[in-house]
Amino acid sequence: EDKVVQSPLSLVVHEGDTVTLNCSYEVTNFRSLLWYKQEKKAPTFLFMLTSSGIEKKSGRLSSILDKKELFSILNITATQTGDSAVYLCAVDTGNQFYFGTGTSLTVIP
Amino acid sequence: DSGVTQTPKHLITATGQRVTLRCSPRSGDLSVYWYQQSLDQGLQFLIQYYNGEERAKGNILERFSAQQFPDLHSELNLSSLELGDSALYFCASSPGASLSDNSPLHFGNGTRLTVT
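Residue numbers (my numbering), protein chains in the order written: chain A, 686 to 794; chain B, 110 to 225.
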């Protein structure tokens, strides 16, 4: 059975801290891995990763994929209160996207 | 704004009733996907339509059905509602038929359904 597992389930940090979110997967057919940020409404797209070892970066956020070990990490440096959200990882198998249950991040001022 | 429009935003109804959720995809997108997000659950894929035809089916109950119309908007019909159907229902769209296009999904803001 295809599955995507995210950890931790939730974390609380202070502004300025750096956090690392994890996403591991087991799927029969891997095409890409995507990260989304979900605040109170629609998940918004952050990154798509298809190749191992190539870091994608956007401001304070970065992500990398390891296709051998079947995981990805999302790093957020110098966190801000606006980073508080649920971060979702999804794997595209070509037939559908499998989502993890998300990591809830709370950044305290 | 993702360009995906979902209505209504909130829906409260009683058990046993039937509701219809509506979704308009981004301009130019031909695929529409429906997802269910329950409390403490990840996004569960329900069904995908491409250009009016059912493309892929996930964990969709028999009490649920969907369709995509010629103007590409889609409706998700939920019938014989149960308390456990209370959830956030998201619609997403993408340009292509196959997800191998490597195009990310763009989500609407969701419809929150509460069954009492």
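In short, the hints are calculated from the structure, not lab data.
Remember, it's a predicted structure, so these values are computed and weren't measured experimentally.
Each residue gets a CB set at the ideal place from its N, CA and C atoms; glycine is no exception.
Any given hint might turn out to be false.
Unchecked claim - In silico contact screen, one side only, chain A against chain B (beta carbon under 7 Å); selected entries: (1) G744; (2) K753; (3) Q765.
What the hints assert, rightly or not - Cut-off 20 Å, straight-line C-alpha distance, at most; resulting in silico cross-link-like pairs (PhoX-like, lysine-lysine): (4) B:K118 x A:K725; (5) B:K166 x A:K726; (6) A:K753 x A:K688; (7) B:K118 x A:K688; (8) A:K753 x A:K741.
What the hints assert, rightly or not - Quick look at which bits of chain A chain B covers, simulated, 3 or more residues with Cβ under 8 Å: (9) 701-714; (10) 745-752; (11) 783-790.
Taking only the CA atoms, is the gap from K166 of chain B to K726 of chain A under or equal to 20 Å? Since the Cα atoms of K166 of chain B and K726 of chain A sit roughly 24 Å apart, the hinted pair is violated (cutoff 20 Å).
Against chain B, with CB atoms and a cut of 7 Å, does the hint on Q765 of chain A hold up? violated, 22 Å
If you take the shortest Cβ to Cβ gap from K753 of chain A to chain B, is it below 7 Å?
violated, 21 Å
*chain B covers the segment 701-714 of chain A, three or more CB atoms within 8 Å, holds or violated*: violated (count 0)
Fill in: Given hint K688 of chain A paired with K118 of chain B - CA-CA distance at most 20 Å
violated, 30 Å
Coverage claim, chain B over the segment 783-790 of chain A, checked by counting residues with Cβ within 8 Å (three needed): As far as the segment 783-790 of chain A goes, the hint holds, because 5 residues have Cβ atoms under 8 Å from chain B.
Can you tell me if the segment 745-752 of chain A counts as covered by chain B, using C-beta to C-beta distances under 8 Å and a minimum of three residues?
violated (count 0)
Verify the interface restraint on G744 of chain A: the C-beta must sit less than 7 Å from at least one C-beta of chain B. violated, 18 Å
* **Hinted pair K753 of chain A and K688 of chain A, Cα distance within 20 Å** => With Cα atoms ~16 Å apart, K753 of chain A and K688 of chain A stay inside 20 Å; holds.
Is K753 of chain A within 20 Å of K741 of chain A, Cα to Cα? holds, 18 Å
Against the 20 Å threshold, does the CA-CA distance of K118 of chain B and K725 of chain A hold or violate the hint?
holds, 12 Å
Consistency note: the structure conflicts with the earlier hints numbered 1, 2, 3, 5, 7, 9, 10.
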